[in-house]
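There are 4 protein chains.
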Amino acid sequence: MIPRYTRPEMARIWEPENRFRIWFEIEAHACDAQAELGVIPKHAAEAVWERGKWEVERIDEIERETRHDVIAFLTNLAEHVGHEARFVHQGMTSSDVLDTCLAVQLKQAGDLLIQDLDGLLAALKRRAYEHKHTVTIGRSHGIHAEPTTFGLKLAGHYAAFARARARLVAARDEVATCAISGAVGTFANIDPHVEAHVAAKLGLTVEPHSTQVIPRDRHAQFFAVLGVIASSLENLAVEIRHLQRTEVREAEEYFHPGQKGSSAMPHKRNPVLSENLTGLARIVRGYVVPAMENVALWHERDISHSSVERMIGPDATVTLDFALARATGMIEKLVVYPERMQKNLDDLGGLVFSQRVLLALTQAGMSRENAYLAVQRNAMQVWRHGGSFLDLLAADHDVVQHISRDELAPMFNMAYHTKHVDTIFRRVFGEG
Amino acid sequence: MIPRYTRPEMARIWEPENRFRIWFEIEAHACDAQAELGVIPKHAAEAVWERGKWEVERIDEIERETRHDVIAFLTNLAEHVGHEARFVHQGMTSSDVLDTCLAVQLKQAGDLLIQDLDGLLAALKRRAYEHKHTVTIGRSHGIHAEPTTFGLKLAGHYAAFARARARLVAARDEVATCAISGAVGTFANIDPHVEAHVAAKLGLTVEPHSTQVIPRDRHAQFFAVLGVIASSLENLAVEIRHLQRTEVREAEEYFHPGQKGSSAMPHKRNPVLSENLTGLARIVRGYVVPAMENVALWHERDISHSSVERMIGPDATVTLDFALARATGMIEKLVVYPERMQKNLDDLGGLVFSQRVLLALTQAGMSRENAYLAVQRNAMQVWRHGGSFLDLLAADHDVVQHISRDELAPMFNMAYHTKHVDTIFRRVFGEG
Amino acid sequence: MIPRYTRPEMARIWEPENRFRIWFEIEAHACDAQAELGVIPKHAAEAVWERGKWEVERIDEIERETRHDVIAFLTNLAEHVGHEARFVHQGMTSSDVLDTCLAVQLKQAGDLLIQDLDGLLAALKRRAYEHKHTVTIGRSHGIHAEPTTFGLKLAGHYAAFARARARLVAARDEVATCAISGAVGTFANIDPHVEAHVAAKLGLTVEPHSTQVIPRDRHAQFFAVLGVIASSLENLAVEIRHLQRTEVREAEEYFHPGQKGSSAMPHKRNPVLSENLTGLARIVRGYVVPAMENVALWHERDISHSSVERMIGPDATVTLDFALARATGMIEKLVVYPERMQKNLDDLGGLVFSQRVLLALTQAGMSRENAYLAVQRNAMQVWRHGGSFLDLLAADHDVVQHISRDELAPMFNMAYHTKHVDTIFRRVFGEG
Amino acid sequence: MIPRYTRPEMARIWEPENRFRIWFEIEAHACDAQAELGVIPKHAAEAVWERGKWEVERIDEIERETRHDVIAFLTNLAEHVGHEARFVHQGMTSSDVLDTCLAVQLKQAGDLLIQDLDGLLAALKRRAYEHKHTVTIGRSHGIHAEPTTFGLKLAGHYAAFARARARLVAARDEVATCAISGAVGTFANIDPHVEAHVAAKLGLTVEPHSTQVIPRDRHAQFFAVLGVIASSLENLAVEIRHLQRTEVREAEEYFHPGQKGSSAMPHKRNPVLSENLTGLARIVRGYVVPAMENVALWHERDISHSSVERMIGPDATVTLDFALARATGMIEKLVVYPERMQKNLDDLGGLVFSQRVLLALTQAGMSRENAYLAVQRNAMQVWRHGGSFLDLLAADHDVVQHISRDELAPMFNMAYHTKHVDTIFRRVFGEG
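Protein chains in written order, with full-length UniProt numbering: chain A, 1 to 432; chain B, 1 to 432; chain C, 1 to 432; chain D, 1 to 432.
For the record, the hints were derived by calculation from the structure and aren't laboratory data.
Do not rely on the hints blindly, as some may be mistaken.
Put simply, identical chains are the same to the list, so a pair is met inside one copy or across any two.
[Said to hold, decoys possible] Here are the computed lysine to aspartate or glutamate pairs in the EDC-like style, where the Cα-Cα straight-line distance is at most 16 Å:
{"id": "1", "residue 1": "Lys201", "residue 2": "Glu36"}
{"id": "2", "residue 1": "Lys53", "residue 2": "Glu25"}
{"id": "3", "residue 1": "Lys343", "residue 2": "Glu247"}
{"id": "4", "residue 1": "Lys419", "residue 2": "Glu63"}
{"id": "5", "residue 1": "Lys419", "residue 2": "Glu65"}
{"id": "6", "residue 1": "Lys419", "residue 2": "Asp191"}
{"id": "7", "residue 1": "Lys419", "residue 2": "Glu247"}
{"id": "8", "residue 1": "Lys333", "residue 2": "Asp391"}
{"id": "9", "residue 1": "Lys107", "residue 2": "Glu9"}
{"id": "10", "residue 1": "Lys53", "residue 2": "Glu17"}
{"id": "11", "residue 1": "Lys107", "residue 2": "Asp173"}
Only a predicted model underlies this, so the values are computations on that prediction, with no experimental measurement involved.
Produce the entire structure from the sequences given, and follow the hints as far as they go.
Structure follows, in structure tokens:
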């Protein structure tokens, strides 16, 4: 979490102000529930809401003495609430506060990331429709394969981020549980009603089984999902980087006036956004295994997970938030060059239609093996020396025995490859 | 995937026989659909079903020449089907076969792992109910905290694996898609009807957008979920390892007659199953990041994912299958020592009731700070020098000013800590 | 890199002030070399040293416009240097500055970490000698095995960190190279002499082959070594956590007066330092794979590595620095309880001598198999029901046929197990 | 470790035959040393060497009963050696055998990998010299930067693998230690002389401090180094993949006669070897973190590391061995297209000389800022609309005020960029 890759809204979730605000709400709602149960006086709960205040600096000061953050907070809170403060935190442990707070923070972070995904989905959809029929070469192994459209490319990324969104919704809901169950989760000193009350007030579900802590497989799943989303972002970024490379140049990241590509080479226009996204994906993936290592705590809990979460909680969510926003901007402003796409398509002299010819030859009665050899023979000729694939085929004795030039010519036709674009768009976007 | 950690049922999924069987079904069902569409003759489709055969060794032989596995399979198939074989694989690419096959295999593996989880869940539930009221000390940071029950411990692991099951069902469904869309996913040479037909026959859903390959975020999510499950297994294993250590000895893995703990020290009884599970968890987690790195393929696809999947597909599922079965056996036969649990509970002279005393003192009007100091003062005395916590408290001037010995004594009571066991069992198992 | 786990000296390496200071030195030394070569005027080089200044805020301001940090720095520098500034950065690229700067920073960080290791080694050595002869039980699989000494335990960790130090020295030297080779590393616009001059001035070696960037396998190796060191720290931390658990209590982290172990349970004394180290180790390990993914840049370079390094450069070094310092303090102040060690040793009624008896029986002519069975039979009796292993053996018909009670008794002797402590200390510390 | 990615020589190291052979040698050499010390009779040691035999199937059979591999081996060995067998393994633990054996295996594997690296280095060097002066465009960010030579590209990879070799030699030596120190490493039941003797016979160094096991940071470092080497392989593979892509086509993997690129598209020639290497690198990297997690064993040892090593020991070394051999073959047979390199170089109309013009303008008195703007202005024109960069510059009023066309023309010259090739080759290869 460094300023360069941080947006304020996500950063705020992890700032002390937000954390202490959530801590306060947990404690104050718990007091309400305890008062309802008659465990503490009603006026004590009211006093907490009325006089409850805290100061980040003062908490830090007390923590330096007590070496315990929740006790420091409660001490500072007591300085404002006064005598009734002794009813605060009754029967609770620090983890009741800390883990429920983390659940709220991850829920807030999850909500923001879902918003980010919605932004990216909207951008991808708009550009996909814009280029629904912009023909371009599809490549497997980096080698020209058959035509597709640029809109189809973007639709594929849209589908990936729609899956990402569904996974994130599930992971957010899984991590958003409230535990107020006491020292080892037995509710010995606190009634389960308190937990239910606080959960409802904070928009969380009740953790069915906690052991002082909320079980960490929930968090591991959350960070794993962020890692998968980051990987889908990398996939999008790698596509853009390829399209922008000098020999391809079918699309380019928007270049701001005043921007300098290179201090040394004034002609450079580099895909720095998508390269950056590639790196950010590595970072977010790097947090997945530590989050999984956090699951195996000793007995009812140990605190080894805490330092990991203090770092990856902010780092993973802030970095992914930044990356999603950056990807959205990149897609929104992406400069697309349909004429370069056409030029690259034409560059292989019609080779991209080789499969269609192959199929036609087998349909016309040639064995698959012989058809393959005939097509490959002529294809390799074009690949190595250029020229027109159609012309070569039409001059090949074995080929024309089965299909005439007049039958071959109409096979070299883009529309053949784009005839199902509507079908796929309908599948991806739920509309044509 | 080494024999020592392999069970035959899961291994079979990854053997050539199963793979070629699936390939054949994909091709044969595709022929049916093509025949329906009139693209190939009906009798050709029938011939494939009737005469379709293959031999693993022959395929290997052909592959050594062609260096292409699907072509080798088709060539061998053609040797049996004869002339009609030229209608097989029409308009399809190898990936249509390979990726759909992988989807079937991962679905089969997922089904088996779900069965494994059901077995583990059943074992955990049975033992949890058996020890629902077996009191034992709960520990945080490895330090005695407050009493809980052994049944509650197991219930927590049950809840974790119930979550694991839900995640795995989702991940399995996500990865079980069928793609038969041609060279770059445009259906240029094959009608989407074929895909729909094959999907339905194989129990898969249709991949809405493929690009020769099924997008790899689906697979990354699948392997990530396996990594989280492995981490939950490690959590269970670490618990058993702790319980079995000499100073604790509250539970032990079953020791077979004839088993030797150590070649050098005949007295040793080691928790080797749970230690082994700890290692297997590391292995399964190690496959998560490679699976995520597989997502960012170049353009419509490259084949870098393939070698990764050839290894982690079998390795991750076989290892997790073995680990789940081992964990199930370990839990089923776990030897539990309630009397040791009681002895360990008693060992701290009543310190485990410190929180209850603290709360009572604040209820009786002492400030939280002073109550904490009074309780801690006496607790540290017991911790260092042994003795009865109750006796010390009853001799503490500050304490007895607020609570008499007669009021203190009933606070040292296990039932206080187990009163909500039913509540938690109801939450976890949906029944009391 | 969060304040809680950050020490100022390491943090300073990564602050803008240090970075810009290094940038300036690279540029100014390069000017000297260029002036020597006659490429730029001598007075220009002098002017840079004399008038060279910069302001972090001003650089930030310019960067917001140019979106390029090195250009922003050079522009700000030029504002101070004036007309001669046009001779600065001649023939260089940003990466010449950035990569050489990173090399200096990692060297500085490496130096600091080596100092940290020296501190930890000194603490381990002092405590190892202090407890050279403090007998304690050695445990394999968490099960009592045979006696060892607490000094030997610490000596093992000393040896691990001595290895860590050697690896870090090698990794630091490997990463400390200087590249000033121009746009794609061909020295087209800058003479290799400049690189050699700057390298010598900054205490770096010359990078033999750069491609605008210094190859990233050097950095990957550096971060991998940090990951291995962090794992050795975890090993030490896990040992302390085990020793402090309630049932063992052979050692304890120092507990500050005023420190609170638990807000709810005043009796708790938790091994929070070593638990924290366990978590920090996970974090540092999490940076290893991203650093390795950084190696495969596109062609002569892409900038995907940059965001990764901006985060893990500081995070990995700051976190490991903090962890090493924390471990050192933990070891220095560790409270050791030799009497508990003795008590735990005695707890198994002499079982820890089982191997010696086994060997004596085979020496006395019993087959290994029968000796094993005899020893195991009596050992299991003690394990389950307590009692004296010696008494049981002496009452075993098969045993006493080969060895009498009078021969057995002296085998139950600690000195037998500590006779080679000097040998091992000499190997580890190079002295007795 | 699957047949497809396995070479027999490396696989053999991990087969039972080799393992049992090493076990036998450890035991037999240990007997010699014990006999020298007078601990066992000389004839017993001789009997072991003379009659020592074992059968893999018989060992498996016994292990199914005892569930302990070393005991099973010793039992089988005793069946052949007879009565003297009771002197075998005296004072040793299974780990003395297992860990020393693993050290031998990793040393053997390391030796083989070093051989592989030597093969790759030789291939890279040969091709580097072959194309020392083959001019090609250097690319940063995928964008044409400045000319370099194809030999220089390969020289960079040579330098990376030379570093890899040095790291591997160090890691192999670090992991090649012998421990025969008994149950917890105290030599209670065995004299250190035995360890020294066996170490010398097996070409290992003595482990200064073992605790039944050899410390796992040694192994972690070994596997980390394999991960870094795999990443360097990926770097090489990514370069080849880029060069082979249709729009670049500057180099191609050798295509066997009879090889089929695609079952559907007969024109395809895919860089499948380098794509495969990319995937294999992910796999090898995936083993690094598990190896690091193995370091933190409980107390003197637990056995969690064992299952990890049983899998990653073979998998990592076999996969990397295969990958290095594949890379060597790929480089040896790589088809290089210098004329395509020249064509691509020319494609940008001279833009690649932009930095030289920039420098010349500043040398001629233009401010750096103005020079940058002038060069960028004309460069962007060429980038977008093609044409000759030289012509545009020569028509730019601001430019020609400082440099005439006659002065500009000679700046468009390849030799300027290759003048230091000898220097770099000398640095990398130690010769010109």
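Which holds for Lys419 with Asp191 at a C-alpha limit of 16 Å: within a copy, between copies, both or neither?
Between copies only: 10 Å across, 64 Å inside.
At most 16 Å between C-alpha atoms: does Lys201 with Glu36 qualify within a copy, between copies, both, or neither?
Intra 15 Å, inter 59 Å, cutoff 16 Å: intra-copy only.
When Cα atoms must be at most 16 Å apart, do Lys107 and Asp173 count as within-copy, between-copy, both, or neither?
Answer is within: at 7 Å inside a copy they meet the 16 Å cutoff, but 25 Å across does not.
Classify it for me, Lys333 with Asp391: is the Cα-Cα distance of at most 16 Å met within a copy, between copies, both or neither?
neither (41 Å within a copy, 32 Å between copies)
At most 16 Å between CA atoms: does that hold for Lys53 and Glu25 within a copy, between copies, both, or neither?
within (11 Å within a copy, 50 Å between copies)
Within a copy, between copies, both or neither: where do Lys53 and Glu17 come within 16 Å Cα-Cα?
This pair counts as within: shortest intra-copy Cα distance 11 Å, inter-copy 38 Å.
If the cutoff is 16 Å on CA atoms, where do Lys107 and Glu9 land: within, between, both or neither? Let me know, please.
For Lys107 and Glu9, the Cα distance is within 16 Å only inside one copy (14 Å; across copies 36 Å).
Pop the pair Lys343 and Glu247 into one bin, within, between, both or neither, using alpha-carbon distances up to 16 Å.
both (11 Å within a copy, 11 Å between copies)
Homomeric proximity label, Lys419 with Glu65: Cα distance no greater than 16 Å
neither (72 Å within a copy, 37 Å between copies)
Indicate which option fits the pair Lys419, Glu247 if close means a Cα-Cα distance not exceeding 16 Å: within, between, both or neither.
neither (29 Å within a copy, 26 Å between copies)
Regarding Lys419 and Glu63, is the shortest C-alpha distance of 16 Å or less found within a copy, between copies, in both, or in neither?
neither (68 Å within a copy, 35 Å between copies)
The structure shown violates the earlier hints numbered 4, 5, 7 and 8.
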